[in-house]
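**Q** Residue strings, one per chain:
Protein chains: 4
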Amino acid sequence: MKLTKEQSQEIKDQQSQKNQTKRVTALGLESILYDAIPALDHGFVRVVDYMGDDTSIVQSARVSYGKGTKQVSTDSGLIKYLMRHWHSTPFEMCEIKYHVKLPIFIARQWIRHRTANVNEYSARYSILDKEFYLPTAENLAAQSASNRQGRGDVVDGEQAKEVLELLKNDAERTYDNYELMLNERFDGTTIDESKKGLARELARMNLTLNTYTQWYWKTDLLNLMNFLRLRADSHAQYEIRVYADIMLDTVKKWVPITYDAFMDYRVGGTEISAKGKLIIKKLIRGEKVSLEDSGLSKREWNELMEAFDLKSMLI
Amino acid sequence: MKLTKEQSQEIKDQQSQKNQTKRVTALGLESILYDAIPALDHGFVRVVDYMGDDTSIVQSARVSYGKGTKQVSTDSGLIKYLMRHWHSTPFEMCEIKYHVKLPIFIARQWIRHRTANVNEYSARYSILDKEFYLPTAENLAAQSASNRQGRGDVVDGEQAKEVLELLKNDAERTYDNYELMLNERFDGTTIDESKKGLARELARMNLTLNTYTQWYWKTDLLNLMNFLRLRADSHAQYEIRVYADIMLDTVKKWVPITYDAFMDYRVGGTEISAKGKLIIKKLIRGEKVSLEDSGLSKREWNELMEAFDLKSMLI
Amino acid sequence: MKLTKEQSQEIKDQQSQKNQTKRVTALGLESILYDAIPALDHGFVRVVDYMGDDTSIVQSARVSYGKGTKQVSTDSGLIKYLMRHWHSTPFEMCEIKYHVKLPIFIARQWIRHRTANVNEYSARYSILDKEFYLPTAENLAAQSASNRQGRGDVVDGEQAKEVLELLKNDAERTYDNYELMLNERFDGTTIDESKKGLARELARMNLTLNTYTQWYWKTDLLNLMNFLRLRADSHAQYEIRVYADIMLDTVKKWVPITYDAFMDYRVGGTEISAKGKLIIKKLIRGEKVSLEDSGLSKREWNELMEAFDLKSMLI
Amino acid sequence: MKLTKEQSQEIKDQQSQKNQTKRVTALGLESILYDAIPALDHGFVRVVDYMGDDTSIVQSARVSYGKGTKQVSTDSGLIKYLMRHWHSTPFEMCEIKYHVKLPIFIARQWIRHRTANVNEYSARYSILDKEFYLPTAENLAAQSASNRQGRGDVVDGEQAKEVLELLKNDAERTYDNYELMLNERFDGTTIDESKKGLARELARMNLTLNTYTQWYWKTDLLNLMNFLRLRADSHAQYEIRVYADIMLDTVKKWVPITYDAFMDYRVGGTEISAKGKLIIKKLIRGEKVSLEDSGLSKREWNELMEAFDLKSMLI
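Residue numbers (UniProt numbering), protein chains in the order written: chain A, 1 to 315; chain B, 1 to 315; chain C, 1 to 315; chain D, 1 to 315.
Everything labelled a hint here was simulated from the structure, so no lab data went into it.
It is possible that part of the hints are untrue.
Note that the list lumps identical chains together, so a pair holds whenever it fits in one copy or between two copies.
No farther apart than 20 Å at their CA atoms in a straight line, the calculated lysine-lysine pairs in the PhoX-like style are these [stated by the list, open to error]: (1) Lys168 to Lys2; (2) Lys288 to Lys275; (3) Lys130 to Lys2; (4) Lys311 to Lys298; (5) Lys196 to Lys161; (6) Lys311 to Lys277; (7) Lys18 to Lys67; (8) Lys22 to Lys12; (9) Lys12 to Lys67; (10) Lys252 to Lys275; (11) Lys22 to Lys252; (12) Lys161 to Lys195; (13) Lys311 to Lys281; (14) Lys67 to Lys5; (15) Lys12 to Lys2; (16) Lys311 to Lys282.
Predicted model, so just to flag it, every value in this text is computed and none were measured.
Chain A on its own, in the form it takes in the complex (with noise of 0.2 Å):
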């Protein structure tokens, strides 16, 4: 990731401030504030603002005159509990701003999370960064033949090293065809004085879906989590994981306590069915359970048995 010069030195005066509030303020977030973190080979997460603490969950919990905060026990308790339960409005009441430079089949991805604000740099008005995403020669992968939804074995040596060439190529050479039927260069010079440009919203389209796009991207701590559940989970795409993990520490130096509580309850927590539960109230009295009479299909039993480390188990 390259910033221009005028770009660090903005962050530098953000960063510079000095302002007094009778707000709360997150002393972990605010020692990270405006920096812009790298993502993937272009991209970046940058916290540009943020509202409350997790003394506002339990302010709002208990929708009280004051302060949230009695004691860190009895708050941590609260927000506890209030993740267990499902308590949903309480989190709501915590919100921050993203800064995000993505690529565009990842912006994609991301934006169907709907309870966000956002404001996307326009390609209709405004030139596109010459830049574009290129995977690393690890992690470029086979689509598994089995799950045709993760990656399986690995595209390697000669070949691997085809496909980033190709990639590397088109999406060059697509954007030199976007400055050619613009006009105009990504830096704002003109091409060819004695010719036309066409129309930014139009020319846009020979862009491929690797080019880097940014935005503004705000949410509250009920959603946010929601996304980062999604979206920091083993199964989600390789690159929008790089994204959520970097705003998953973020979470941690903001709400620290909830996101205790996070970690525990909801990422590294399990759901089971009815049915499955049944399997493991006999696998505690250490009955015999049987595919055949667990009414499960046997993907369902397998991630039952995975979720509980029952290798041996697997059909």
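Keeping the supplied structure of chain A fixed, place chains B, C and D upon it in accordance with the hints.
**A** Same frame as chain A, now just chains B, C and D:
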């Protein structure tokens, strides 16, 4: 509005905070942060947190790396432009949180604005305060015969006294019986040690709709303006307008440039239908217009004429 | 629940419709369409419209050109898979609309589910029916000392009679005074020609929270399941559970495959935290577990043991 | 737009359904249900389901027991009243579902309308069709210098040819390389048995933004009108306007009374700011007005004069 000593102290404690932050601050809003601004006879509005200011709108509209501000004049122009052309997402980048005490029948109107986060004081688990809204004599109003939605001839004199007496007595008696059923007074003391108390979730059903409740209510600036546009309007019920007017003033303190644009384009603005526009064009050209040729209903006609102070054209 | 002759006739008229459509239809739901299914003493639930059925979920998950259905077995497998892995959007493709009559204090809980469309009968412009909810003697329950959220020892015998008497008298008197202030009876007749009436928007504040209101409520299947998961749960207040149970039955008639998956994975399922999972793993392996080593609170420990019927492990 | 034989057959099968229902039906919409209405070069819009009609709006606004309809004239008056006074919830009581095929860069604009349900064809798990949008020569337009948001001087003649050639070649080459990386052709056949294929979730990043995608998109009538108001507007990008215009026509077939009100009050209507209103009032009275005294910017002034056909007043 009366606060207990403990509540007043909690508010003072909050206001004495002097935290340092790198976030933008809104000085106007800081000056009234946590204040309990009285509303109706026992209610209040308190701003308890906020995110962003006018520059945040500009910053996100530009998807910039640094602060939004270039110059006040440029910012102002951009904000006016965004407001005029119904751009919505940049205004969602500011967030505010209120603590509000209000009568239940007003809370029921308010909650219909869905794009907000709410934590209400729970009468399922807690005892509601012994406070109910009683209109002033001036505010008692007879429902007008012509317009069942507003208030017409004033119910005054002896009748007003009677109405107020009824409201007061009924609220007090139902509250007394609420305590009786709970076997507990509002201050937590038990009434009759030899008796059981009814579940709070049930006893509350005996309370009248003018009983006060309270909540934390958080929303973004766009949805706040949508709320205020409807609820600070002269057609809104008086009791909710009292709250909306107070909140309108907090918007002025928070984002003064946006406030001006909002007052000009939304609150003070007018919408004209396609048919209405034809009438206005004719009027400008000095041509004759008539209800018959207009395609408007009588009601629409009058609304149009009133909007442009054409009293002599009313039918 | 009593309907006027006119209301009954209107319902019959709707049910006698035999319209032809190319849309998918759900026969089970058609058979009860428009029925007023009684709830509590004066309330009801009516399904008044719907969109889609089980095949619509499959169709949209596949983004297919034709119907979703291939075979029931394939469809069922896909729906179970989607439910198990928390896919949300395909379930949003079915929509249902209810007409519900319910006490105001229950309406206030219900409305907190924001992702729904609502039109409520307006007490600002119309007179509310003279109907209020009175619990049965069996349902009056004393709030338990240990758990302030549920109902403990039953308030019975003489005390139950007293409570019911209080509720009845207060509701009747406040309603009578509501009419008096309006100077109008619930059937529209004027009480005293020589007097003015108070505005309806004001008079309503004298009503108690067990007064019945009614609304049209429309939502998609995903959000309906979120609602039912919380409100048909044993921790939900009895009065809203009555409605949720009726609606659960309409889901069964509408989308039977989805209903089964919902009951298995959501309603009958269990969530286990990361710490709880460690305990269960040990129990399956026959190892010793103890509260001290678990990292769980006593409350969490007991919730876990109860979930797996380990009564002897309760502390 | 070309459909495969199989797709055409699936659509015919849907259209041959003759289901009986007690629900209200919209005859106009039934007549085009499931039709693939062509949009741009390879896209389409299909109405695949709907709920309610004009009477449903009236029914819910009245919270009635039976059908909404009294008489067409009364219904029409009520719907116009609701539209004029920005009542929103009754229009949310109708729901519609579309199946749409559209270029990705248009899908990215579209998806910003958040209050809708969407299932998109997944390029993570499936191969996208070999179809990309190419504008017609007439539609290629140079971005105007004065207004960077629209299209100005037409890029025509030789330059148009060149642009179209570039767009076509780049889309074809990147698609060919997409297949090469997948080691699979769009019809599912393997390219080189001796090679592995790259994961689909990765290979897709090589596609250009004019590649077609498709989705099921479902929304209520209120949010559909919000969408159409912005996207059928002359300021909207041509390519999304093509879709909006088609959908506007489906609204006319579905809810003709609402459609008329929408065209009169929203699409054909105008908003005037408080300052603008002062100018119009003066013009009606025949008084002099000037930019200097108006408090308007030059741009606002001209927008106002244009709205009222006052060409001679343009500055």
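**Q** List, from low to high, the hint numbers that the structure doesn't satisfy.
**A** Hint check: nothing fails, all pass.
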